[in-house]
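Enquirer: Taken in order, these protein sequences are the chains called A and B. In this text, residue positions in the first sequence follow our numbering: the first is 1, and each later residue adds one. In this text, residue positions in the second sequence follow our numbering: the first is 1, and each later residue adds one.
Since the hints were made in silico from the structure, they are not lab data. Check each hint, because a few of them may be wrong.
[Stated by the list, open to error] Here are the simulated PhoX-like pairs of lysine-lysine, each with C-alpha atoms no more than 20 Å apart in a straight line:
| id | chain 1 | residue 1 | chain 2 | residue 2 |
| --- | --- | --- | --- | --- |
| 1 | A | 439 | A | 475 |
| 2 | A | 311 | A | 328 |
| 3 | B | 155 | A | 36 |
| 4 | A | 36 | B | 140 |
| 5 | A | 475 | A | 596 |
| 6 | A | 36 | A | 274 |
| 7 | B | 155 | A | 274 |
| 8 | A | 66 | A | 224 |
| 9 | A | 625 | A | 637 |
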Amino acid sequence: MDQAAVGASLARLDTFPKLLIRNARERGERPAYREKEFGIWQAYSWADSLRQVRALACGLHRLGVKRGDKLSIVGDNRPRLYWAIAAAQSLGCTVVPAYQDAVADEFQYVLDHAEVSFVVAEDQEQVDKILAVRDRLPKLRHVVFVNPRGMRNYVHDWLTAFDQVLEHGRTFDAGHPGFFEAEVAKGQPDDIGVIAYTSGTTGRPKGVMLSFANLVPSAQASAKFEGLREDEDVLAYLPMAWIGDHFFSYAQSIVVGFTVNCPESAATVTIDLKELAPTYFFAPPRIFETLLTQTMVRMEDANAVKRWLFKYFMALARRSGVRILEGKPVSALDRLLYVLGGALVYGPLKNALGLSRIRLAYTAGEAIGPDIFDFFRSLGINLKQLYGQTESSVMVCIQRNDDVRADTVGPPAPGVEVRIDDRGEVLYRSPGVFVGYFKNPEATAETKTKDGWVKTGDAGIFTQDGHLRIIDRAKDVGRLKDGSLFAPKYIENKLKFFPSIMEAVTHGSDRDFVAAFINIDLRAVGNWAERNGLAYTSYSDLASRPEVYAMIKGQIEQVNRDLAADPQLAGSQIRRFLILHKELDADDGELTRTRKVRRNTVAERYAPLIDALYSDRDEVEIESKVAFEDGRVGTMKARLKIAGADAVHALKQAG
Amino acid sequence: MQSSRKAIGETLLKVENVTLSFGAVKAIQDVSFEIRRHEILAIIGPNGAGKTSMLNVINGAYHPQHGIITFKGQPRHDMDKHEAAAMGIARTFQNVALFKGMSTLDNILTGRNLKMKRGLFAQMLYFGPALDEEVEHRRKVEDIIDFLEINAIRKTPVGRLPYGLQKRVELGRALAAEPDLLLLDEPMAGMNVEEKEDMCRFILDVNEEFGTTIALIEHDMGVVMDISDRVVVLDYGRKIAEGTPNEVRRNQTVIDAYLGVSH
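If we strip away everything but chain A, and leave its shape as in the complex, we get (with noise of 0.2 Å):
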């Protein structure tokens, strides 16, 4: 390629390294990389990036690394690893990142299945793991390692610290000036940039190859769509394997040029976020969960006069703050007492959760919880769902600004097309889907059809307004007898939400009506009980009680009322339902390791309740077999009522 001709490749910004370089020329002194190190943050502008990962390519030419190989990155969020991955697309390598909390096996299996060739390895725990499995790893020829920790005894040849390769880097690319920049404009928007390994819940992990022409568009469109600027700062502490930090931490940091933080280490996250106060946040619900209970438990200890001032304030966001942050009418008085609330407590609290500079802020992964949704979105933080895969380069729904909800993940994202087949499946189409599984065709064929519509093996809806609503995996969804839709998860979920209802297992796939199995909170119920003068003795006592039976009856109406608001879920409706006798108990073999509930062996234990149900009694005895803690197993025989719930009739009809 002549010097033209590169620079014409170069301008065309169509993969990751061009853009570094672009940031490098645009935004050369802006910092490009934050690492907490020795308790200070230190700043890598994009001009200094660029230079490493230059130095780096060089230095992994030097070691061998060729166009169309395979190179691992394995270790916590650091700038170094960020820049290994620019430097191996830089040489047209696919980056494997590999989790840094997997065992020795599961290292071995992706390395192994990615056909990896060279890994970049954080520090001494990765490269022993590597050692470890060394001898089954025939294609992999070099290790380098960032940290030097602890190595010092470690003598391979195919062993080199990366300051050492650096510095090779260097004194090749002061010998071949052109080098770097004749590699990177070799690279097409086809090549394969990344292979992300799907964690998968059943079998082995799934390689997922993803092209420049799906992350970059996909990065672009979602920073355009969200209005991202190049001073956001983002907190990189999510694994580096897992798509989500590729694509906000390397993607769209690259494409928009803003500032990735690295925290110092896994224990310090949240110490740092409050130091950072990142604008720019994504967290699964159960951090949001923490951040919210933390809060709860030191507010109790705080004295009267601050407990006050929380309540009344919290009470005003929780009536007037979500709808001040979408913008919509909210009375003088309460707009005024809302920005006096912002000085006494929400911009304290805020600043204590590091979330004071927030512009952005994303949940996925899981259902969050409306009060917790509900809490960080009065505070004026602008927390929204994101519904996406590995497949999809992440982005598959998105919410507007301006239109958030708890319950939906939002209409299709730009770009995206999202289409609902007849077995209730979501299924998508976009610039991002992957260009297949790497060595496994069955799978790819599977997923993908021939028209590129991916299916996502969830179960969804769409609301009337055009909003999706996930409501559980495709092929836990039933159907009625009368044909309607049943999502068990979806309701369970819904059930569970209140704090009194601990786990709940519901009933309905070819049956008339739907029924539910449910097993109370005991803190929570017990504390009810106490404050409402209620005497019980144990557990199975107090499930059985009548006023309990009242209390849930009333839940389960609340859940009938929301399902009736959707036409395709109205007849999903819970008509009977029972209190178990027993909490569900792993020892049991009723719940996984994990608190899932094994449907299965709950609805083969319980048949005869099952059965009562779908019967016209009002009560049901049944006998069951309890492992106690040391191990013996006892029966237990316990006489349950049944009660029933009024359904609602569906609000609004379709069409």
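Based on the hints, put chain B in the right spot on chain A.
Expert: This is chain B only, laid out in the frame that chain A set:
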């Protein structure tokens, strides 16, 4: 994969015929041994064998009635606490001795005390050379924090930390003095298995990365046998054995002292 390639060097400290008594109680009787550069030496023995007294003699807290202590080639009858510290001996204590109300960072900074050259007045002004010095000390302390992986508790008051972490902070403070000889008094006492494993790793890392010579007292035999190069066994104030962990393990006198023997 960890190949032991470190070079154990010449004698760093030599204890000859040391005898220490409190009134009629003879805590240490005629004990001699040496500590060599870069090694990890464990001093073990049953309760009341005189182990902690021995450490106290080495760092000058106790003054023996007889015997000679030679440190870095200088023989003397007894050590002086301040002199010992100034010459590069640092220690941790059996019961954690930290400033509970101060942060981890400040506690470790106190370990730099002897290295501070500017006077009190200059430091109070916090200006010019005193400021440079402070920055330098802080850098050193941050190195240690990073090394011991206690970044997350940098600003936490030490009193609020769990015991295992307090022990680690104490090790950090001792390291801040950049000692040639580090004395650890039961570094793993009262820890759970995981904390013990961490501490073992840090002791080995300190020894390897900084080349610090370490003498430690420990009750947990598994730990001692795993990490030390040589072992000295005390019983009733006398040295009853000395050698590599394997030699000591097979020594009949040691077995008797630990398991008891019928007379």
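Enquirer: Indicate, hint by hint, whether the structure satisfies it.
Expert: Do the hints match the structure? See the list:
About 25 Å separates the Cα atoms of residue 439(A) and residue 475(A), which puts this hinted pair outside 20 Å; it is violated. Under the criterion of a C-alpha separation no larger than 20 Å, the hint pairing residue 311(A) with residue 328(A) is inconsistent with the structure, at around 23 Å. For the suggested pair residue 155(B) and residue 36(A), the alpha carbons sit about 15 Å apart, so the restraint of at most 20 Å is met. Between the alpha carbons of residue 36(A) and residue 140(B) the distance comes to roughly 16 Å, so the proposed pair stays at or under 20 Å and holds.
Distance check on the hinted pair: residue 475(A) and residue 596(A) sit about 16 Å apart at the alpha-carbon level, within 20 Å; holds. For a cut-off of 20 Å, the pair hint linking residue 36(A) to residue 274(A) stands: about 13 Å separates their Cα positions. The hinted pair formed by residue 155(B) and residue 274(A) meets the criterion: a straight-line CA distance of about 14 Å does not exceed 20 Å. Of the supplied pair hints, the one linking residue 66(A) and residue 224(A) is violated, its CA atoms being roughly 35 Å apart against a limit of 20 Å.
Restraint check for residue 625(A) and residue 637(A): the C-alpha separation of about 9 Å stays at or below 20 Å, so the hint holds.
The structure fails to meet hints 1, 2 and 8 from the earlier list, while all remaining hints are met.
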